[in-house]
Amino acid sequence: MDLDAVRTFVAVADAGQFQEAAADLAVTQQAVSKRIAALERDLGVRLFLRRPRGAELTIDGQAFLPHARELLRAAERAVASVRAGSRALRVDVLNSRGAASSLMRGFHRAHPEIELDVVMLFDIDRAVAAIRSGAIDASFRAVAEPGRPLPDDIEAVRVTDEALQLVTGPAHALAGARSVTLAQLAGHRIWMPGIVPGTEWAAYYDDLYAEFGLTIEATGPNFGSDALLDTIADTPSLATFMGAQTRLVWPAGHGLRRIPVTDPTPVYPHALLWRRDNPHPALATLRAHLAAATAGQDAAGTWTPRWAIPR
8 MDLDAVRTFV
18 AVADAGQFQE
28 AAADLAVTQQ
38 AVSKRIAALE
48 RDLGVRLFLR
58 RPRGAELTID
68 GQAFLPHARE
78 LLRAAERAVA
88 SVRAGSRALR
98 VDVLNSRGAA
108 SSLMRGFHRA
118 HPEIELDVVM
128 LFDIDRAVAA
138 IRSGAIDASF
148 RAVAEPGRPL
158 PDDIEAVRVT
168 DEALQLVTGP
178 AHALAGARSV
188 TLAQLAGHRI
198 WMPGIVPGTE
208 WAAYYDDLYA
218 EFGLTIEATG
228 PNFGSDALLD
238 TIADTPSLAT
248 FMGAQTRLVW
258 PAGHGLRRIP
268 VTDPTPVYPH
278 ALLWRRDNPH
288 PALATLRAHL
298 AAATAGQDAA
308 GTWTPRWAIP
318 R
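Mind the numbering: the sequence shown is residues 8 to 318 in this note's numbering, read in order.
It is possible that some hints are incorrect.
Said to hold, decoys possible - For each label pair, taking beta carbons as the anchor points, the in silico distance ranges come out as:
id	residue 1	residue 2	range
1	R139	S103	20 to 26 Å
2	D9	R318	52 to 58 Å
3	L255	R318	24 to 30 Å
Quick caveat, the hints were computed from the structure, so don't treat them as lab data. Here the structure is a predicted model, which means the values were calculated and not measured. For every residue, glycine included, the Cβ atom is placed at its ideal position computed from N, Cα and C.
Taking the hints into account, I'd like the entire structure generated from these sequences.
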């Protein structure tokens, strides 16, 4: 149905005259007459009776009028739903406990007026596809793997470096250390069942362990961080890596330790990805917030894989 014709019908009904409706719509009276005639043909009914004093709604016109008004309101809502800045900014944070989620909580506290829709997508291919299709506005990723460049229409900027920490139980040989070097970790069992081949974090840890001669064990099912911490707490021979900004909660009796890793400190390079032509104004606000919130990070004494986006 032609919305211009419906809008013209409502204007004539409100004005009671074709001439006045034409003036309100800034069109000619002839255009008004043509639109009404076309609408009457589409509906198969007569909508107005032409009287010397103006236009009078027929019974069918009276029945159609409230529906015509609702059609126009629905059209206005449809346009408003996609108008720049009127919908929620949709961002992928990968998981609810990581650094990206923490950054988005900080953004929300700084800009509570901006409506957010936070989602969690598993792999980078799905995230990039969602950005390109417009399903999401941005995603936090490490932008791996080597040899798989981003599409030309995707922009990426490194926003924060998250230092890795060693997590041990109270009986582990390194539990009492104030810090450990990567060299000291050689020979220790690092258990990380959440590493999935083909993911960006798998590429990161592959490079880390290869460069420093560490041993990773990714065996066993992944029941999540809570189950992982339970096992680490009970097993003196196992430790794991966690990001310094990753939120962890465990029972008081676990006695877990979070120990800084040094010489060098391995950092996970979080980047923000978005489509170059995305017009959402809140996206620019998010980028500015992240630039200010993570300014001044010193890369001295840290390690990142060679494929990480430069700061």
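Here is how each hint holds up against the structure:
1. R139 <-> S103: 20 to 26 Å: Roughly 24 Å apart at Cβ, these two residues keep to the hinted range, so it holds.
2. D9 <-> R318: 52 to 58 Å: Distance hint for D9, R318 holds at roughly 54 Å.
3. L255 <-> R318: 24 to 30 Å: Holds - the Cβ-Cβ distance for L255 and R318, about 27 Å, lies within 24 to 30 Å.
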